[in-house]
Amino acid sequence: MNAVAAVKKEVVKEDAMLLQKELINRNYRELATAHQDGRKVAATFVPGNLNELLMCFDFARSLPETNALQNAMRKKSGKMVLDAERDGHSEDVCTYVKADLGMMLAGEKGPTGDPLPRPDVLLLSYTGCFTFMKWFELIRQKYDCETTMLHVPYQGDGKVSPSMRDYVVKQLKDRVIPTLERVSGVKFDIDRLREYMKESAKAEEDLVHVLQSAKQRPSPIDGYFGAVYYIGPIFTAFRGVPEATRYYEVLRKEVEDRMRAGKGPVTPEGDHPGEKYRLVVEGPPNWTSFREFWKMFYDEGAVVVASTYSKVGGVYDFGFRHDPDHPLESLAEYCLGCYTNLNFPQRIDMICRYMDEYQADGLLINSIKSCNSFSAGQLLILREVEKRTGKPAAFIESDLVDPRYFSAANIKNRLESYFQMIKQKRTAH
Amino acid sequence: MSDSGTTPTGVGAIVKRCEGLFEDLDFSAVKQWKAAHPGSKAIGYMPIYVPREIIHAAGMLPVGVFGGGDQLEVIQGDAYYQSYICRIPRSTLELGLTGRLDCLDGMLFPSICDVIRNLSGMWQILFKDKYVKYFDLPQNYDDATGGRFYIHEMNTLRDDLARLAGRPVTDEDLGKSIAVYNENRKAVRELYAYRAQKPWQAPTSEVYLVLRAGCVLPPEEHTALIGSYLSECEKQKRPQRDNARVILTGAFCEQPPLGLIKSIEMAGCYVVDDDFQLIQSWLLDDVPVEGNPLEELSKAFLHRSASTSSKYDEKKSDKGQFLLRQVKTRGAEGVIFAAPSFCDPALLERPMLQEILAKHKIPYTAFKYAENTGQMAPIREQAGTFADSIKLWSAA
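As you go down the protein sequences, you meet chains A and B in turn. The first sequence maps to residues 1 to 429 in the numbering used here. The second sequence maps to residues 1 to 396 in the numbering used here.
Please note that a few of the clues may not be correct.
Facing chain B, a subset of chain A residues (Cβ under 8 Å, in silico) [unchecked claim]:
no.	residue
1	H35
2	D37
3	F130
4	H151
5	K170
6	T179
7	V183
8	N343
9	S367
10	N372
11	S373
12	S375
13	L379
Please keep in mind that the hints were generated in silico from the structure rather than gathered at the bench. Remember, it's a predicted structure, so these values are computed and weren't measured experimentally. Cβ atoms here follow ideal geometry from the backbone N, Cα and C, with glycine treated the same way.
In isolation and in its complexed conformation, chain A is listed as follows (with noise of 0.2 Å):
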């Protein structure tokens, strides 16, 4: 029997990541029935995503992404990518959108198999990725859906102006609440708003508390790979949902419970060998063979105590949180602040911060070829992190939704190395 069918024989699972698999897979039932139950769809992206506001109009949620990764993850993806390239779509372009064009050619059916319906409104949050732009244009282009963008703009220079701030309220004062009101036929609530907004905020304190507690030694999470399950609700279409406020407290209890009993994180074979390695890791995982991957790390002894995919769809360890007295104004901080919107002088720093305050052993940057927002440009912040800290730092390279470009042996045999080099560094002191 083969690693991976071991793997399969037994996963474990914490009861916060059973939770999280309900809502998911709850989500996409009420997707599927939505229009027969009357309710509009909207789609929406992970970074910059307004699901507050998509509730205040009574909104089935559906994100293009956590669409694709859940399809990888589920092994059917690399044929909607090669149906996609088969339509016309460039293979140096982003799987994400070619898994997500594949998978409507394919007849609309969402990764449970269950119907997805087309959206009747793309809200286009055009937050840290250029290429979200064109996915929601070509999603428009071949089915004619009603389209609302709001533009985020990039902190260039490192910070948030009022400029920026008030840009992005203009937006969705005149342009996004106005489209959502015309699709979906129902009138914005402002105090409904708040109320989600109050739900959001506790939800974000647990998840901090949950994400902060890989400080310890040893962690009781894994910052990375553990951590996709944790932000599943909060980035997805279950922030300011109470179920959501509820499987945040649930997991924070859980953690708590692990970091008195000293344990560290659950993996798919159950607990954790012994933390080795403590590792920060920079950029999104690879979804085709997401348990292989994991499975390279703990096997070694390493653990991910922080991770910048981790705050992709928010920031919110440095103190954000949904402000539910100023709704309109947070949610443009909260666009504006997510971690492919910072600038690069920003995202270095926050990795060096990681780096000491979790007391990593060093970077690894899982660089995407999908990704360009991550991607490019990562070789300097492994150099500058290395400079900064002293600590060693490694490359790999993957695709998101691609099983073309996850090359196991490659990977392994440069983990192996790296944690090798991490084992000399710390006798050479």
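Once you've looked at the hints, dock chain B against the given chain A.
For chain B alone, kept in the frame of chain A given last:
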């Protein structure tokens, strides 16, 4: 800003001078301008668009940086990028890291894609003593929303450059610079119109070089150069061939090697419109010199500017209209999609434009290139087949 250069005469001499400027990766023309204007500064900009009027109004030389082309050996720049990133950021870094851009006092990185966006931050880290700005362009085209934001961006640039220049940049300065660039844009429009009318008289391999000279020459001098080229073109009669008239699109950032443009022409295509250096024709008509200059620049950007893939199309029905108009007004018979490898904007846009062209029964072909592409035979073959097929269809 005075015109310090002398304009050569004769098509050959003009093109030779432009070729010299194009091939000069040490930016000697910029250094010469700075030497002739002691204390003045030069500000680089990358594709796709920045309001050069503001740089000019600050008494500075705007310098277009379009990568290193096919003559630059990229060594250091490659160390910063994975194989799946396009070539322009690595060759631009190479230019910077080898000191070739030392003559620039600052660099502007307009919003065009994630790669150039991230390069702005890399520049901040690697060239700490230089002025660096990521210049955001609005994707909302309401005057009161995107316009207000854009005017604020322009005002920030104006204040930054005023600090660098050590003097204020007044509305009067801006008005004069707008007038200078109106003249330049008018000359560029005339050049494009002339080429579309008589592409055998003004081949694109020459037009490209004449335009490219505008990256390093002061606008006044560049306007005069275009004028000279146009009048000299008329004097020298060249043979008219039975070539296919094509629009070339997708090459708005990383530039194809000159050899590639020549190959397309040699293969039997007259390029009657293109998007090589969109900044020079981005604003479609004159910007009023009366009134508030930044408001006028903003209105021109929001309502009277070119379409390209890094700019959002508000409605589905807007998609491809600019290209269709180009085809119609230039009398083109087909479209060549020429995009740099790994260019997200161009490659993601391409299927949408192709679908629209197909609906209008406009033939097209597509290929990718890099600025250092050396093997032209396949491109010549593809362009030749495309030209032949156009001729066969039109004859049928």
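Interface hint for A:S375, Cβ within 8 Å of any Cβ on chain B: holds (6 Å)
Verify the interface restraint on A:L379: the C-beta must sit less than 8 Å from at least one C-beta of chain B. Since chain B brings a Cβ to about 5 Å from A:L379, closer than 8 Å, the hint holds.
Status of the A:H151 interface restraint (C-beta, 8 Å, chain B): Given a least distance of 4 Å, the restraint on A:H151 holds.
Taking 8 Å as the limit, does the beta-carbon of A:S373 come near enough to a beta-carbon in chain B? holds (4 Å)
Tell me if the interface restraint on A:H35 is satisfied: Cβ within less than 8 Å of some Cβ in chain B. violated (21 Å)
Interface hint compliance - A:N372 to chain B, C-beta minimum distance less than 8 Å: holds (4 Å)
Holds or violated: the hint that A:F130 contacts chain B, with Cβ atoms closer than 8 Å. With a minimum Cβ separation of about 5 Å from chain B (threshold 8 Å), the hint on A:F130 holds.
Chain B contact restraint on A:N343 - CB to CB distance below 8 Å: holds (4 Å)
Identify whether the interface hint at A:D37 stands, where standing means a beta carbon of chain B within less than 8 Å of its own. Since chain B brings no Cβ nearer than about 27 Å to A:D37, farther than 8 Å, the hint is violated.
Closer than 8 Å between Cβ atoms is the bar; does A:V183 clear it against chain B? Give me holds or violated. Since the shortest Cβ distance to chain B is 15 Å, the answer is violated.
Restraint check, 8 Å cut-off on beta carbons, for A:T179 near chain B: violated (11 Å)
Chain B contact restraint for A:S367 - C-beta distance below 8 Å: holds (6 Å)
The structure fails to meet hints 1, 2, 6, 7 from the earlier list, while all remaining hints are met.
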